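K.L.:
Model the placement of chain D on the given structure of chain W, informed by the hints.
In order, the protein sequence lines correspond to chains W and D.
If you use our numbering, the first sequence corresponds to residues 1 to 364, in order.
If you use our numbering, the second sequence corresponds to residues 1 to 255, in order.
Simulated from the structure, these hints should not be mistaken for laboratory data.
It should be emphasised that the depicted structure is a prediction, and the values quoted were computed from it without experimental measurement.
Keep in mind that a hint or two might mislead.
As the list claims (entries may be wrong) - Below are the PhoX-like pairs computed for lysine-lysine, each with C-alpha atoms no more than 20 Å apart in a straight line:
hint, chain 1, residue 1, chain 2, residue 2
1, D, Lys-27, W, Lys-341
2, D, Lys-121, D, Lys-8
3, D, Lys-27, W, Lys-340
4, W, Lys-44, W, Lys-254
To be verified - With beta-carbon atoms standing in for the labels, derived distance ranges:
hint, chain 1, residue 1, chain 2, residue 2, range
5, W, Gly-342, D, Arg-7, 52 to 60 Å
6, D, Ala-5, W, His-103, 37 to 45 Å
7, W, Ala-119, D, Thr-104, 40 to 48 Å
Glycine residues also receive a C-beta, built at the ideal position from the N, C-alpha and C atoms.
Now for the letters of each chain:
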Amino acid sequence: MQAAISRATEAEVLQALRSDRPGLNGLAALLSPAAEPHLGAMAKRSTAITSQRFGRTMQVYAPVYLSSFCANRCVYCGFSADNTITRRVLTIAEAESEAMILHRRGFSHLLLVSGEAPAKLGVDYLEELALRLRDRFAALSIEVQPLATEEYARLFQAGITSVAVYQETYDRAVYKQVHLGGRKADFDYRLETPARVAEAGMREVGIGALLGLADWRAEGLALGQHLAWLRRHYWRTGLTVSFPRMRPAQGEFKPLQPVSERNLSQMIFALRIFDPDVGLYLSTREEARFRDGMIGLGPTRYSAGSCTAPGGYGLENAGGEQFEVGDNRSLAEVSAAIQKKGFDPVRKDWDAVFQAKGDRQQAA
Amino acid sequence: MLTIAGRKFRSRLFGGTGKFSSPEVMKEALAASGCEMVTVALRRIDLNNPADDIMSVLDRDRYLFLPNTSGARDAGEAIRLARLARASGGGEWLKLEVTPDPRTLLPDPIETFKATEELVKEGFKVLPYMNADPILALRLQDAGAVAVMPLGSPIGTNQGVLTRFQIEIIIAQAQVPVIVDAGLGAPSHVAEAMEMGADAVLVNTAIAVAGDPVRMARAFAMAVEAGRIAYESGLGAVSKDAAPSSPEDGLGFLR
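Extracted from the complex, chain W is given alone in its bound form:
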């Protein structure tokens, strides 16, 4: 994989920039060092494709952290079982109250996030919470431990529309090095998760690599391969990619392979040019300056006003954070920045009514 990237020539970069369907070879070229002098041209192409496909809009959402308990030992994560932080799992009522705080702030797309500790927070919890929230929000997504196909199907019935599950790194050796224990240490089980999500009928599945672990160029190409594979096998499922770049977290872990803003933007442009239809997330891990600059250039979904601690929006004694956010602005402030760039911050782009309530017959 690295070879395909390192042998890419400038001619291949220019060819990929001209092509409507650059394919995986084109993606490798766009991720390569040979593409670096053409970052401006990549930005232009990515901007044009994004505007054509998504219009002058940016979808906004917020995460709700449900639990900081985690059975995994991941050397980079604030929630790692090895860390001594104040752990907390919200009761269903508390989670509902956090969600409603975001509702009052104007959010209608929520991402429910938790550490991976099925004993503390499992499918029953998520199902009950989704049933309570589904009529009050346009779309509910989850980012929790990998589940079985039937469990995803249950959650879809309960009103969850999409699932994010990041491989963290597609480099098996690095994966093994940073995932010391827990179910997450099984690389293949995690890799097969997006397919199970799609199989279960979810609307959308999100993939991603945690930037800072392995060579970002290779991660970009692996993400492209994963996307292409999912498109071929699950043509009904919408796909998204996230670009979480390592932030300071409890545990003092330093990125193994630092990724600069230039690198990150090249990766985003490359994936946009490779796949015009994929939804691209850029979260509050990144600083306001960088996020403002990237509006319209490729990403289509921004979080806002995020807190990464369970109970962080309104409860006392919130637990420890997963990571420190880089953009602390409120929804109103982020929306104003989006508007200032000539884009419409879209709060609602789905509807609970799409999903039949419980009764599968109703959908037939």
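P.N.:
For chain D alone, kept in the frame of chain W given last:
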């Protein structure tokens, strides 16, 4: 004048509400387009909220509101959305979109047909978005669709009337109005569709993402009008041979 399901329209250009940089720009562009029918994605609006950013800027006296089921991937979802729209005061007009492939957003003919049958029974005025398939157009018409909306090219692609040959057949055969929808990226594209005899066109992306959406909306309105007048005036036939300007050259021997 164009009549659909008994309602008359002076403008043969229909507008959309997606992809604009702000509700204000959308409002101005729609006004400049002169359109009287505007489609709105049900997924994007909150019908129960009077302050909804899109609905609150659209004058319901000026525009016929055409909710669409964008995002529905099967007949069941489209039907649920339609019922919800009507129950929330969205009226009985419906642009039916069933697009199971989130990538191309091409319409599913089978699910579209099933949903049309059901929604017509329930009293909706259904305008189905469809691929440019002449037989499907006839089947949808027979199922009670009040118009058919064949695509010029995949939605949002600005590629123009790539389905010209099929749309010509649809226009020749259909008893209901034919509205060419999707893929119309330039005023010349809509002029082409109107010259072919389309009853109307629907344009969204090309106006919404233009550098100046308001002026672009006006350009599209003018092209629709030009194309329609040309169609009504009777365009000359296209020929590969040059037509002599003195048509009786070579016939001088005739007494």
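K.L.:
Hint compliance check: list the failing hint numbers for this structure, sorted ascending.
P.N.:
Of the numbered hints, 2, 4, 5 do not hold.
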